[in-house]
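Colleague: Given next are the chains, with one letter for each unit.
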Amino acid sequence: MKAIRIVAVSILSSGAVLSMGAGLLAPYNYAAQFREHANEPPSRKFLLGTDPLGRDRFSRLLYGSRVSLFCAPVAALIATALSAGIGLVAGYFGGWANEFASGLTDLFLSLPWLFVLLTLRALLPLNLSPWPSIAATFLLLAAVGWASGARIVSASVTSMRTAAAVLQARAYGCSNGRVLRIHILPNLKPVLSAQFWILVPVFLLTEANLGALGLGVAEPMPSWGNMLAELQNYQRVAESPWILAPALFLFLVVASLHFAVSGSTTWE
Amino acid sequence: MSKRSPAWIVCRGIGILMLSGLAGATLVRLAPGFGIEEQALDARLSAQTRSALERRHAGERNPLVFYAHFLAGLFHGDAGRSVVFGQPVRNLIRDRAGTTIVAVGAGLAVGWCAAVLLGLAVALSRNATATLPAFALSGSLLSMPSAVLATVCLLLGLTPAIAIAAVVFPRVFPHAYEQLRTGLAAPHVLMGRAGGISGTRLLIFYVGPSILMPLVALAGVSVTLAFGASIPIEALADSPGIGQLAWRAALGRDLPVLVTVTLLLTVVTVLANTIADVAMARAGSHSS
Numbered sequence: 001m002k003a004i005r006i007v008a009v010s011i012l013s014s015g016a017v018l019s020m021g022a023g024l025l026a027p028y029n030y031a032a033q034f035r036e037h038a039n040e041p042p043s044r045k046f047l048l049g050t051d052p053l054g055r056d057r058f059s060r061l062l063y064g065s066r067v068s069l070f071c072a073p074v075a076a077l078i079a080t081a082l083s084a085g086i087g088l089v090a091g092y093f094g095g096w097a098n099e100f101a102s103g104l105t106d107l108f109l110s111l112p113w114l115f116v117l118l119t120l121r122a123l124l125p126l127n128l129s130p131w132p133s134i135a136a137t138f139l140l141l142a143a144v145g146w147a148s149g150a151r152i153v154s155a156s157v158t159s160m161r162t163a164a165a166v167l168q169a170r171a172y173g174c175s176n177g178r179v180l181r182i183h184i185l186p187n188l189k190p191v192l193s194a195q196f197w198i199l200v201p202v203f204l205l206t207e208a209n210l211g212a213l214g215l216g217v218a219e220p221m222p223s224w225g226n227m228l229a230e231l232q233n234y235q236r237v238a239e240s241p242w243i244l245a246p247a248l249f250l251f252l253v254v255a256s257l258h259f260a261v262s263g264s265t266t267w268e
Numbered sequence: 001m002s003k004r005s006p007a008w009i010v011c012r013g014i015g016i017l018m019l020s021g022l023a024g025a026t027l028v029r030l031a032p033g034f035g036i037e038e039q040a041l042d043a044r045l046s047a048q049t050r051s052a053l054e055r056r057h058a059g060e061r062n063p064l065v066f067y068a069h070f071l072a073g074l075f076h077g078d079a080g081r082s083v084v085f086g087q088p089v090r091n092l093i094r095d096r097a098g099t100t101i102v103a104v105g106a107g108l109a110v111g112w113c114a115a116v117l118l119g120l121a122v123a124l125s126r127n128a129t130a131t132l133p134a135f136a137l138s139g140s141l142l143s144m145p146s147a148v149l150a151t152v153c154l155l156l157g158l159t160p161a162i163a164i165a166a167v168v169f170p171r172v173f174p175h176a177y178e179q180l181r182t183g184l185a186a187p188h189v190l191m192g193r194a195g196g197i198s199g200t201r202l203l204i205f206y207v208g209p210s211i212l213m214p215l216v217a218l219a220g221v222s223v224t225l226a227f228g229a230s231i232p233i234e235a236l237a238d239s240p241g242i243g244q245l246a247w248r249a250a251l252g253r254d255l256p257v258l259v260t261v262t263l264l265l266t267v268v269t270v271l272a273n274t275i276a277d278v279a280m281a282r283a284g285s286h287s288s
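Residue numbers (this note's numbering), protein chains in the order written: chain U, 1 to 268; chain P, 1 to 288.
So that you can see chain P by itself, here it is in the shape it has in the complex (with noise of 0.2 angstroms):
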């Protein structure tokens, strides 16, 4: 298997998502109060009773035995229950997924869009007093926290995706441009306008492809972003998502939620990132 295959890259994927996934059932073995149960507390219990609910969680004392009865578990959909909550972690983050996916989805489609055109817009019109403004505000909002940001857009009435794309707008913006210049001068798009052809046909042949594969690399790491943007502002904006879940959770110490959140976002990333390798490994064989 060589370094660069898809295979290698999705092999890859797989091994850093099972050594997460120890990472967090590790995490979760080493909490405090960890196997101790309400019931062991009470104190109309004989020492046998006591010694035989101590003897339920023995098996689990080696990490490495909870981590594979964690492991079983999150296949079958169980991921333990939450201590804030009283839930079960499944229910929790199913009833909240969807409101922090539509904010991530329609986050990231308004950064980039807004990034890209932008982009575009200052690389095609080559002039200072053009590039100076977006520079600024992209500046602007790089500079900010997440929460201040949340805070802006809350005040202005605009929803929590907004806030997602402005975080995601100024990571995009600098490398989209930087592309979509260095894409505009490049010799074949020079002789290809001196031949007369039309501006749309000149981006969507000649310079997207060449485009594309960079920002496919960064369209991978901006998704990690927008997800981690996504707990302050849903924690400010009281948006009942994966993201102030994790908030909640935090500040209640409820360590099977945030593994399991924090496990599902990793394969999220993993996923994109590993689509985007894939991408990038497959043009490549192509191109070589």
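Here chain U stands alone, though its shape is the one from the complex (with noise of 0.2 angstroms):
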């Protein structure tokens, strides 16, 4: 199980570099079109064969790394602050604020997401520029992800009201930030840990769907997930099968995710 850890970390580690070197590595840029050699095979000027517009895929996977890489983490860092934030207020303070953000999660955890998220994506204008799109799918991501977490805080915030460092704290005239910063949120860390690497797989997995509809980010900015828009002409996979790569990435770092975080089960 080790060596299963050590080289799904490794794979991490590589695809990090991969994505952060994007702008030395690429031999091109994403945008860069070459007409004349457009939907060409792999060869040595194109490694992983170029688009119907004649870019060059590998290049375009190398930056699309970077977005996905990027974006899902700061997502999922997100999501789990929101978590954070709202079951800190609901287990510690309960009451009606624990009743009220009890009902927002049941609310939350019952929508179907992907759902919500093509309605909420349809809300905004389809021909987004490509930063704002990023900044609006992962931004989505992260305010539906936020309540399978929120409810874990806050069961385990309520389970700590009542811990005798808190209770003596209290006690000893703290304030309710101060008990909250010293005393609760540093024993919320391994929670919080947990919920951010479940989310960063399920986040990579989601932008991947809404990319592979049209509806994650925008062209000609690419990410692994608007890559994977060509399968919706799923007959060229046999003869080109090299399409496939950006599933081939996705899938490493998602299932070296898994093995790195303990082979942890997540719900998409």
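To be clear, the hints were calculated from the coordinates, so they are not data collected in a lab. Virtual Cβ for every residue (Gly too), placed ideally from N, Cα, C. Check before you lean on any hint, since a few could be wrong.
[Said to hold, decoys possible] If we take Cβ atoms under 7 angstroms as the criterion, some of the chain P residues that face chain U in the derived model are: (1) Leu19; (2) Leu124; (3) Ser125; (4) Gly139; (5) Ser143; (6) Met144; (7) Thr151; (8) Gly228; (9) Pro232; (10) Ala235; (11) Trp247; (12) Leu258.
If you follow the hints, you should be able to join the two separate chains into one complex; please do so.
Modeller: Have a look at this one:
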């Protein structure tokens, strides 16, 4: 198991290095079009061939990994922060705060995620420029992904509220803010860390699904998701299997994340 | 009303539905172009006629009033008109619901059967050589987006139901295996085995009851998961179901369709979870 973890961490590290070094390693710019070389198979010039617009797939894959590997953790961080905030308030103050947060959490957990994302994405213009589309896609993921974490945080805080250290701090006259910051939040670190690592692969896969449907990150900015939009014409896969390269990279990264984080099982 | 009573669970379900309905109605109300009729763009109309057309929607400017109208319409089966398809949303959903229900139902059945049977086989074998391939398969499927699973199934000539099963299986298998493993090692099961009770009888009467409730809770969640997976799968497989409808509606910013479909699936989710919760609450009250 330790060997598998080492392999997984190595794959993740290589992915991170490749994505950070995209500017140096990619032979071309992700938007550069070689119209006379459209739909070419892999060659020395184009390692993974070219897309229908004549763009180098390998360069786009490297730049795309930068978007996916940077934005999914950021979205997971925002969702974890939301979980922490809502769970802390609900668990610590109890009463109406807890009832309200619990109702809100139940509501979010009952909504069909992908349908909600499609609805919210449809509220935004489809011809968004690349950077706002990246921000919108990952912020939407963070906005709908906090609920399960908030429930776990709330339960943990409720059990910590009566811990000796917390009761003592309150008896000494510590303010609620100080108790939360000094005595409760540090003890939530394992819960929040687990929540974060569960959400990263979930967000990577959801972005891939949204991108494959043409509703993720806007062109010409590449992401693993929008590179998979070519699968809409799935008959091409048999004759040009290299268009599955983003799926292979995604698979390696998500599987490595699962193994690296003790092979925990997650819900999409 | 205690927090775990069936009545509380049902009330919570209704509350969630009302709130999601309000959120959906607000989205439709805030959508760009709401309340603007094509007629109003006709240059031949006088100012009075235009203001009369605007007055027709004046009552709906308030989201709460709009929500009341929206709910009343839904109860009468009127969910509005699709912008993209130019048809009543009700007709669109009626025509496509069957395809999705059959695919999701078959996908859930196949996914669950495969997960429970494989979990049982691995738990009974108690052998690392059997555990490893099973978890490798489950982990591999878990690491692929539904869109890629759909493509693989299409290339292999399999139906969308199998692609949905491939999404459901890896989420159920580890839990089913863990429950079965724990159940088979329970003291009363070991005693039963030592007493000479047959394997089938042990599974049905000793292991089954103890693992049923956790799996029922999981069943509620897997319904939402299967419907969510149906969007990319139906979109890529060109299967004329609700998932494909939602995708086309999203591309065309057709909010009446999207909101109604989302609400409908929220109802399915809440119903599935409520049934699971009530079953668990009843089982809990019987056992205590």
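Colleague: A separate judgement is required for each hint: does it hold in the structure or not?
Modeller: Structure-based check of all given hints:
Checking Leu19/P against chain U: minimum C-beta separation of about 5 angstroms stays under 7 angstroms; hint holds. For Leu124/P, the suggested interface contact is broken, since its CB lies about 21 angstroms from the closest CB of chain U, more than 7 angstroms. Contact between Ser125/P and chain U, as hinted, is not supported at the beta carbon level, the nearest pair being about 19 angstroms apart and thus beyond 7 angstroms. Checking Gly139/P against chain U: minimum C-beta separation of about 6 angstroms stays under 7 angstroms; hint holds.
A distance limit of 7 angstroms between C-beta atoms decides the matter here; for Ser143/P the minimum to chain U is near 4 angstroms, and the interface restraint holds. Restraint check, Met144/P versus chain U: the minimum CB separation of about 6 angstroms is within 7 angstroms; hint holds. Of the supplied interface hints, the one on Thr151/P holds, with its beta-carbon coming within about 5 angstroms of a beta-carbon of chain U, less than 7 angstroms. Nearest Cβ of chain U to the Cβ of Gly228/P: about 4 angstroms, under the 7 angstroms cut. The hint holds.
Below 7 angstroms, beta-carbon pairs count as interface contacts, and Pro232/P has one with chain U at about 5 angstroms; its hint therefore holds. The closest approach between the C-beta of Ala235/P and any C-beta of chain U is roughly 6 angstroms, which is under the 7 angstroms cut-off, so the hint is satisfied. Hint status for Trp247/P: holds, given a least beta-carbon distance of 6 angstroms to chain U, under 7 angstroms. Taking 7 angstroms as the C-beta cut-off, the interface hint given for Leu258/P holds, the closest approach to chain U being about 4 angstroms.
When the structure is compared with the earlier hints, violations turn up for hints 2, 3 and for no others.
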